[in-house]
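> Sequence:
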Amino acid sequence: LRRVIMRGVKIVEEDAFNCCKALMEVECGKVEIIGVDAFGGCPLLRGINLPSARIVEEYSFCFCKALTDVKFGSNLEQIEERAFWDCKSLEQITVPLKNGIITTDDIFSGCVNLRHVDLVEGELHENVAALQLEVWRVDMNEEIDSINQILPNARAGYYIDEDDEDDGEK
Numbered sequence: 001l002r003r004v005i006m007r008g009v010k011i012v013e014e015d016a017f018n019c020c021k022a023l024m025e026v027e028c029g030k031v032e033i034i035g036v037d038a039f040g041g042c043p044l045l046r047g048i049n050l051p052s053a054r055i056v057e058e059y060s061f062c063f064c065k066a067l068t069d070v071k072f073g074s075n076l077e078q079i080e081e082r083a084f085w086d087c088k089s090l091e092q093i094t095v096p097l098k099n100g101i102i103t104t105d106d107i108f109s110g111c112v113n114l115r116h117v118d119l120v121e122g123e124l125h126e127n128v129a130a131l132q133l134e135v136w137r138v139d140m141n142e143e144i145d146s147i148n149q150i151l152p153n154a155r156a157g158y159y160i161d162e163d164d165e166d167d168g169e170k
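Going letter by letter, the sequence shown gives residues 1 to 170 in my numbering.
Be aware that one or more of the hints could be misleading.
[Said to hold, decoys possible] Each computed DSS-like pair below joins lysine-lysine, with the alpha-carbon atoms no more than 27 Å apart:
1) Lys65 - Lys88
2) Lys30 - Lys65
3) Lys98 - Lys21
4) Lys71 - Lys98
5) Lys10 - Lys71
6) Lys10 - Lys21
7) Lys88 - Lys98
[Stated by the list, open to error] Computed beta-carbon distance windows for the label pairs:
8) Ile5 - Val117: 23 to 29 Å
9) Lys10 - Asn113: 19 to 25 Å
10) Glu25 - Asn99: 29 to 35 Å
11) Lys71 - Asn99: 16 to 22 Å
12) Lys10 - Asp145: 18 to 24 Å
13) Asn99 - Leu44: 31 to 37 Å
14) Glu27 - Asn141: 21 to 27 Å
15) Glu142 - Lys10: 26 to 32 Å
16) Glu25 - Lys88: 18 to 24 Å
No wet-lab data here; the hints were simulated from the structure.
Note that beta-carbon positions come from the ideal geometry of N, C-alpha and C, so glycine has one too.
Assemble the whole structure, with the sequences as input and the hints as a guide.
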């Protein structure tokens, strides 16, 4: 089973394609719900387009080692825990910008190559706090730490020299 076409299917049941070692392509035009571990452990699945998906349940795509690209449409309402856990090749995901889509911060655990999050139409919010991507937080914290190390050593136009006993202007 290398290719699956699901015309008219709205729910991919729990464990439906779990550990399908040869599955490479899936067409899911009308699928709304991806069940628990539905595609988990499909090592050759490379990309998937889910334009009608509303709910991606836990572990849906975990351990899909070749998965590089995932696209959701504006109907997406939530992605549940560890849905893409340990998808080491995942580089890009397309999601709408809506509150509540990302339900926990372990959805992308182990997705060490995830670098692009594209946003499709959706209700715009003042911030992207709903996108709780661990990689982004780590990168941002590293950048802040780097700036904090540079600032104490940066020279300004006015400073106080503790060794100088006059008014301290230089």
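> Each hint should be assessed against the structure and marked as holding or not.
Against the structure, the hints come out as follows:
For the suggested pair Lys65 and Lys88, the alpha carbons sit about 6 Å apart, so the restraint of at most 27 Å is met. Taking the CA atoms of Lys30 and Lys65, the gap is about 25 Å. The hint holds against a cut of 27 Å. Between the alpha carbons of Lys98 and Lys21 the distance comes to roughly 34 Å, so the proposed pair goes past 27 Å and is violated. Only pairs whose Cα atoms come within 27 Å are accepted, and Lys71 paired with Lys98 is accepted, the gap being roughly 15 Å.
Note on Lys10 and Lys71: the hinted pairing holds, with a Cα-Cα distance of about 17 Å set against a maximum of 27 Å. Between Lys10 and Lys21, the direct Cα distance comes to roughly 23 Å. Compliance with the 27 Å bound is thereby established for this hinted pair. For the hint linking Lys88 to Lys98, the alpha-carbon distance of about 25 Å falls within 27 Å, and the restraint holds. As the Cβ distance of Ile5 to Val117 is approximately 28 Å, the hint placing it in 23 to 29 Å holds.
The hinted range of 19 to 25 Å is not satisfied by Lys10 and Asn113, whose Cβ atoms lie roughly 31 Å apart. In this structure the supplied range 29 to 35 Å holds for Glu25 paired with Asn99, their Cβ-Cβ distance being about 32 Å. The hint said 16 to 22 Å for the Cβ distance between Lys71 and Asn99, and at roughly 20 Å that hint holds. In this structure the supplied range 18 to 24 Å is violated for Lys10 paired with Asp145, their Cβ-Cβ distance being about 47 Å.
Taking the beta carbon of each, Asn99 and Leu44 are about 34 Å apart, inside 31 to 37 Å as hinted. A hinted range of 21 to 27 Å is violated for the C-beta pair Glu27 and Asn141, which are about 40 Å apart. Restraint check, Glu142 to Lys10: a C-beta distance of roughly 43 Å breaks the suggested window 26 to 32 Å. Checking the proposed 18 to 24 Å range against Glu25 and Lys88 shows it holds: the Cβ atoms sit about 20 Å from each other.
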